[in-house]
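Participant: Guided by the hints, dock chain B onto chain A, whose structure is given.
Top to bottom, those sequences are chains A and B. Here our numbering is used: the first sequence runs in plain steps of one and ends on residue 397. Here our numbering is used: the second sequence runs in plain steps of one and ends on residue 522.
Since the hints were made in silico from the structure, they are not lab data. The reader is advised that the hints may include incorrect statements.
Quick list of in silico lysine-lysine cross-link-like pairs, BS3-like style, CA-CA up to 25 Å [unchecked claim]:
| id | chain 1 | residue 1 | chain 2 | residue 2 |
| --- | --- | --- | --- | --- |
| 1 | A | LYS204 | B | LYS419 |
| 2 | A | LYS210 | B | LYS419 |
| 3 | B | LYS465 | A | LYS195 |
| 4 | A | LYS210 | B | LYS415 |
| 5 | A | LYS377 | A | LYS288 |
| 6 | B | LYS511 | A | LYS195 |
| 7 | A | LYS288 | B | LYS495 |
| 8 | B | LYS514 | A | LYS195 |
| 9 | A | LYS195 | B | LYS415 |
| 10 | A | LYS204 | B | LYS415 |
| 11 | A | LYS244 | B | LYS495 |
| 12 | A | LYS195 | A | LYS215 |
| 13 | B | LYS415 | A | LYS215 |
| 14 | B | LYS464 | A | LYS195 |
| 15 | B | LYS454 | A | LYS195 |
Label pairs and their computed distance ranges (CB to CB) [stated by the list, open to error]:
| id | chain 1 | residue 1 | chain 2 | residue 2 | range |
| --- | --- | --- | --- | --- | --- |
| 16 | A | THR206 | B | ASN468 | 44 to 52 Å |
| 17 | A | ASP252 | B | GLN438 | 24 to 32 Å |
| 18 | B | GLN438 | A | ALA207 | 43 to 51 Å |
| 19 | A | ASN260 | B | GLN438 | 12 to 20 Å |
| 20 | B | LYS419 | A | GLN339 | 50 to 58 Å |
C-beta atoms are modelled at their ideal positions from N, C-alpha and C, and glycine is treated no differently.
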Amino acid sequence: MEIIELGKNEPQACSEAQLAQIRDEEFRKIRMAFLNILEDTEDARQGAVKEKNKTLTIVDNLTDGVLVLDENNRIELTNPLVDIFLKQKQENLLGKNIFKIKSKKSELSSLVALLKSGKKNKIKNIFRKELLLGDKLYLEVTTVPLEENNNNRGTLIILHDVSRDKFIETIKTEFVSIAAHQLRTPLSAIKWTLKMMLDGDIGKITAEQKDLLEKTYQSNERMIALINDLLNVTRIEEGRFLYKPEPMQMEDIVDTVINNSEEILRMKKTKLKFNKPKELLPEVLVDKEKMSMVVQNLLENAIKYTNLEAEIDISLEKTDKDVLFKIKDSGVGIPKEQQERIFTKFFRGSNVIKMETDGSGLGLYTTKNIVESHSGKIWFDSEEGKGTTFYFTVPFI
Amino acid sequence: MKILLIEDDKLLRELLSKKISKCGYEIECACDGEEGLKMLQQNIPDLLLLDIIMPRKSGFEVMVEMKKYDNLKNVPIIIVSNSGQPVEIDRARQMGVKDWIVKTEFDLDEVIDKIKKIEEEKIVK
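Isolated chain A (complex conformation) (with noise of 0.2 Å):
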């Protein structure tokens, strides 16, 4: 073992000396490392400032306008088109809660009404709506919840411009309109001269001019039923289609139609059963006609896609909320690669081309319109080679 004597091989004075140059060399490396800590900081530092700043420019260039709500529902950022699309300053929004808010201008109203609307209906956690400011303006806003850990962090709100798309489907509207209506006079013109033929008014015929005269009519007829259902759905378009709802019972509205439709369940063969309620159901308001509308296109399909003396059963029920159609029928069903597309206008399933050509591909789409206007909602069971069962309910008044 070595004995080192202290003191014995080093005079006290160097050593103090030696100890002065070693604090000094540590304090130089403490030093160097701060300054290090410090260089690199500030490089962190500026290095966040570009990454902000090149965020906040693109946020700021973005073609949609953008607000940023923390979970408190404080405005934490927006960009310039928020401020072009409300007709807001940036300086009056920052900081504040977007539902208190209290603004002259009806841009900001309208679009906090449409978000408390969302909030209430909870319908998704995406939630997507279209809002039109002003005459012009259509803007489609979509809110997403921001989540950090499963943790509210606020939500961002996208105001999306619109307004082109929407003009060009308002001139297309408008086409179709004018079209349809511009085609009705010539239509009536051949119902007319084919009926006044057909009834001798121009001289006798022969029992085939007849027939062939008959049929011309039937066709005629069919064209008539298209463009009517092009002007129903222009009006769907346009948001004109429902008019003056009252209080009714929708058994009235069955029966009805039913008896409306005695001619083709006897050209078919088909047992109709309607399962009534055993007690008075709650009224509902609708708009008859078109309520009638959507009854006929849904009994119209199950009659016309199932064979000779299929069976159809119809029932009416109450649940919580609702009065509740349902239809069944032992039809050809809807293929199930399409059964997502059946309420698309236009739209006709791949094996009822093949068993029926005649058909517009508008009925489903405009019935399905027709019941979520009255705040209703349509589904369907389907199963191809077996049968459709389509449910659809009317909340009560």
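Facilitator: Leaving out everything else, chain B in the frame of chain A:
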């Protein structure tokens, strides 16, 4: 019974007037609202068959004008139109129109039935 038909489409005018005169009614025709108003004042009919969408003066404009004259304001009117929107039908009913026929939805004999109904009402009165 004297009937005046105001309709801008030539063929529809021809078909309607042919059917109506075949059924024994006296019929005169005008090709738009303006001509129709002139004819109304010259010879007051027992019934007016009126189209809505027409050049120069629409059916609604004709009805508004007719209200200004004592001798015309009570002439029974049946609208024969291509359009059949509930809002228009309601407006016409408020103006005292007897009936509304959507051309594509009715056959000529149904139009005659409606004319007969007005004729019966007139006889009862």
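Participant: What's the verdict on LYS244(A) and LYS495(B), does the C-alpha distance respect the 25 Å limit or exceed it?
Facilitator: Within the cut-off at roughly 21 Å; holds.
Participant: Between LYS377(A) and LYS288(A), is the straight-line Cα distance small enough, at 25 Å or below?
Facilitator: holds (17 Å)
Participant: For a C-alpha distance cap of 25 Å, please report whether LYS465(B) and LYS195(A) respect it.
Facilitator: violated (39 Å)
Participant: Do the Cβ positions of ASN260(A) and GLN438(B) conform to the proposed distance bound of 12 to 20 Å?
Facilitator: violated (44 Å)
Participant: For a C-alpha distance cap of 25 Å, please report whether LYS464(B) and LYS195(A) respect it.
Facilitator: The given pair, whose Cα atoms are some 36 Å apart, is violated under the 25 Å limit.
Participant: Is the hinted pair LYS210(A) and LYS419(B) satisfied, with a Cα-Cα distance of at most 25 Å?
Facilitator: holds (21 Å)
Participant: LYS204(A) and LYS415(B): Cα distance at most 25 Å?
Facilitator: holds (16 Å)
Participant: Is LYS454(B) close enough to LYS195(A), meaning Cα to Cα at most 25 Å?
Facilitator: Status violated; Cα separation ~30 Å.
Participant: Would you mind confirming whether the straight-line C-alpha gap from LYS195(A) to LYS215(A) stays at or under 25 Å?
Facilitator: It holds: about 12 Å lies between the C-alpha atoms, which stays within 25 Å.
Participant: Against the range 50 to 58 Å, how does the distance between the Cβ atoms of LYS419(B) and GLN339(A) compare: consistent or not?
Facilitator: holds (54 Å)
Participant: For the pair supplied as a hint, LYS415(B) and LYS215(A), confirm whether the alpha-carbon distance does not exceed 25 Å.
Facilitator: The given pair, whose Cα atoms are some 24 Å apart, holds under the 25 Å limit.
Participant: Okay, ASP252(A) versus GLN438(B) on CB: inside 24 to 32 Å?
Facilitator: Violated, at about 47 Å.
Consistency with the previously given hints fails for numbers 3, 14, 15, 17 and 19, ordered from lowest to highest.
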